[in-house]
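S.K.: Sequences listed follow chains S and W, in order.
Be aware that the first sequence starts at 1, since it is given in my numbering, and climbs by one per residue.
Be aware that the second sequence starts at 1, since it is given in my numbering, and climbs by one per residue.
It should be emphasised that the hints constitute simulated quantities derived from the structure, not laboratory data.
Owing to the predicted nature of the structure, the values given are computational and were not obtained by experimental measurement.
Any given hint could be a false lead.
Calculated Cβ distances over 12 Å to all of chain S for the following chain W residues [said to hold, decoys possible]: (1) E343; (2) R394; (3) D408; (4) D451.
Examples of chain S residues toward chain W, derived with CB under 8 Å [claimed, not checked]: (5) F21; (6) T44; (7) Q45; (8) C46; (9) N63; (10) A122; (11) P124; (12) V125; (13) D126; (14) E165; (15) V167; (16) W170; (17) K171; (18) K173; (19) P175.
Glycine included, every Cβ here is placed at the ideal spot set by N, Cα and C.
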Amino acid sequence: MLSALLVMALGAIILGGALGFAAVKFRVEGDPLVEKIDSILPQTQCGQCGYPGCRPYAQAIANGDAEINCCPPGGEDGIRRLADLLGREFKPLSGEHGIEKPRSVAVIDENVCIGCTLCIQACPVDAIVGAAKQMHTVIAPQCTGCELCVEPCPVDCIAMKPIAETVDNWKWKYPVFEITPRKAA
Amino acid sequence: MSRRLFSFHGGVKPAYHKAPSILQPIQAAPLPAEFVIPLHQSIGGIPRPTVTVGERVRKGQMVGAPDGNVTSAVHASTSGLVKAMEMRRMPHTSGLSALCVILEPDGRDEWIDHAPVPWREMSPNAVRDILRDSGVVGLGGAVFPSYLKVNPGKRGHLDTLVINGAECEPFITCDDMQMRERPEGVVRGAGILRDLTQAARVLVGIEDNKPEAIAAMKAAIERTGEERLEVVAVPTRYPAGGAKQLIRVLTGIEVPHGKRSTDYGVQCFNTGTAHAIHDALELGRPMISRIVTVAGNVERPGNFEVRFGTPMRELVALCGPKPDTDRLIMGGPMMGFRMPGDEVPVVKATNCVLVGSPAMFPPPPPEMPCIRCGECVKACPADLTPFEMYWFSRAKLFGKAQEYHLFDCIECGCCAYVCPSRIPLVDYYRFAKSEIWAREQEKAAADQARDYYEFRLAREEREKQEKAAKLAAKAAETKAKLAGQATADGAAAAEDAHKALIASAMGKAKTQQDAVRPRNTDSLTPEQQAQVAEAEARRTANTEAKSDA
């Protein structure tokens, strides 16, 4: 009887020790769920979801404070992937946060630009270069299309231009076949 | 001497249709009214234009300079006038446009100054730069810049250099005709490649349905006296001309998933590429033309030496297209792409222009459900399970499709050829591949944006801290100064010192203020005063007008 108790107690102590050691040694920094959500979000850092950037929104989703359908740049595809990850129900994009638009980049009309640097301060990814009273320009490959620079511009010289389809970024379409042949128009 | 050959898995034996286009010798295609030379004709970066509109260029002059790590130059196909630089439709399924140099020939066809390159005395890197600037790319269809492949690999030498003259796709006979009529160039090119890659031996693989080409190549090796070069007849089976398949047949080496053949001491070049390398180094001529087969629904099929930028319409017209022609296909019937129109130019990737009609290519029968019969698995030369990849591509489960090695698929079309349900399997793989590429690019862009954003946040935080630290340092300095005065004058004097400090600061401010004055509105002439008043009046009038509006 006693030996049985001792054996069990000993087991408990050893396992407890191992678990305690593992908890310290293999501690995970940060919340892995937030990382996973953040990797799905498009990283435009546009703030349309109502949070200051993608990571805070990911944090809010992980905490259960935010819905998964508040990210217009991520679009329907993004919501589906979030729903898959979190085991939540798919919801259409909530209209109050904006609508899904084709991917675009900001273009500064360099003849109109007065060099006020307001857009440089607004850009979350440092994709605009320029200096005070010097012309500014957008580094197109670095632009996420967040539109945050459009509002502050005092002379309205920034336009959002959708990324055109070229031979290099063209995608093969999903094969679709007509069951009945189309009638000649 | 008979060499032991190996076999690759699967493959099919379609009807070859090669006989009609080998009746005529290779003819030079005439100069068209205008050349449409796309700047982007190879894998990799888009070349930078080096000519301006209105400029006269000579044949072989560079019009697009290589730009980036993987890139290749583009040259003028003849001498003439650069009429425009504009967007023209590409020989691409999408029918989209890209930047082209429009060249109007002057008929003189003057070469730039060119001379043989003393490549034997040059460093390997210098030779590679010449190949890049000569625009030599793989002519087998993938148009990968050749200079990147002319490389002995990590081990410093190759065991086997494979020259690919298998030409397994139906209708296409351009390599066959080139080997028959110009075998010396191919053999000498193979010799150059052997020396550049330090290869121990060179095997020229030719399908055994081209006995004339095999004989011509053997004779050329005798004549030129090139060493360690051997012509090997390989069994005719589609796709024996796939690089991995031919390497397998000739050497028995199976290049595993995710590895390169150079890791196993093998590299593969097309016969046309070997000839182009010979031209670039021994003659100093950049690549401006290639041999193109025109076959299918035409009266006189044949092979032509076509300069890049020639509109396909003018090329096809030489062969007399039959009246029911309704489509052009670039490449063969198995792997070719349907062209969006007949005005698109011949480019470096164009090995064949297949002219089609509704009778030749009837509309595909309706797709039936996959019955998992496994015929596609038996036919797949890349040892894949096409039907599994099909299920996952169709369901858009791209991760699973990749687990089944979707990217090892060479899109040869064997699976679709044997499918009893007539499923266009390759269309699904192409869709899945381009979707996965797009997602990977999006992911890379998102990761980059995240890095930039985090860096910006960190920078803002650092700037804030630096500012705070500066302020604190300044405050401490003032305090120390005060404390020093206080200890000197005693505690009682501390308050006076403080007051004095304030007084001096106020004095400083006052002198500064005085310095700022006089303003520009002070001490004006009456004339200027009047102007100012006028401007003021105009401004008030304006604001009133605005508020009224």
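S.K.: Take the hints in turn and mark each one as holding or not.
M.R.: Do the hints match the structure? See the list:
no. : hint : verdict
1   : E343 : holds (16 Å)
2   : R394 : violated (8 Å)
3   : D408 : holds (18 Å)
4   : D451 : violated (9 Å)
5   : F21  : violated (32 Å)
6   : T44  : holds (7 Å)
7   : Q45  : holds (5 Å)
8   : C46  : violated (10 Å)
9   : N63  : violated (20 Å)
10  : A122 : violated (11 Å)
11  : P124 : holds (5 Å)
12  : V125 : holds (4 Å)
13  : D126 : holds (6 Å)
14  : E165 : holds (6 Å)
15  : V167 : holds (5 Å)
16  : W170 : holds (4 Å)
17  : K171 : holds (4 Å)
18  : K173 : holds (7 Å)
19  : P175 : holds (4 Å)
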